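Student: Sequence:
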Amino acid sequence: MDSFILYNCARYLQNVNVFSALRLGDVFNTLSASSITAGYIRSPVKPYIPYIPNPLRCFNCQRFEHSKVACRGQLTCSNCGIAGHSANGCKANPHCFHCKQDHSSDSQDCPQLKTEKKIQEIKIKQNITYAEAKNLISQEKTPSY
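For the sequence shown, my numbering assigns the number 126 to the initial residue and increments by one for each residue that follows.
Derived from the structure by calculation, the hints contain no laboratory data. What you are looking at is a predicted structure, and each value in this text was computed from that prediction instead of being measured. Every residue, glycine too, gets a C-beta built ideally from N, C-alpha and C. Incorrect hints may appear among the rest.
Straight-line Cα separation of at most 27 Å, DSS-like style, residue types lysine-lysine; simulated pairs [said to hold, decoys possible]:
#1 Lys259 with Lys242
#2 Lys248 with Lys193
#3 Lys259 with Lys243
If you anchor each label on the Cβ, the simulated ranges turn out as follows [to be verified]:
#4 Ser159 with Gln199: 46 to 56 Å
#5 Ser263 with Asn179: 18 to 28 Å
#6 Tyr165 with Thr254: 38 to 48 Å
#7 Lys193 with Ala217: 39 to 49 Å
Start from the sequences and build out the full structure, keeping to the hints where you can.
Tutor: Right, dumping it as structure tokens:
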């Protein structure tokens, strides 16, 4: 975690062009400070907040973990979840491809999308692979007797 903070602190200072004027020890001493003084300039230090991207969803087959460019699946409608046509002009009732509930596959209310978002969050915050994060989520869901 400290390496992430140090990297962002160094990146911030490089943008101000004062990094060469500071010693490495000065950077470590300011990790808990609310501001950094470089010469006559006092700059606030923002806490490191990791960026958590949205889950990758294929617009061709509606599955997660890949994009349309790398898709080997069949064209599936995002509105009704039926294979063989796209959502353009689809008049059928919404039906989710993932959870089989009555909403479209691209709905933000989908429980599967929420699970994928949790997987992305764990992956980024714990610095692990997608497969490891998915295993952690599946272990949480399985009841232990």
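Student: Against this structure, judge whether each hint is valid.
Tutor: Against the structure, the hints come out as follows:
no., hint, result
1, Lys259 with Lys242, "11 Å, holds"
2, Lys248 with Lys193, "22 Å, holds"
3, Lys259 with Lys243, "9 Å, holds"
4, Ser159 with Gln199: 46 to 56 Å, "55 Å, holds"
5, Ser263 with Asn179: 18 to 28 Å, "20 Å, holds"
6, Tyr165 with Thr254: 38 to 48 Å, "46 Å, holds"
7, Lys193 with Ala217: 39 to 49 Å, "22 Å, violated"
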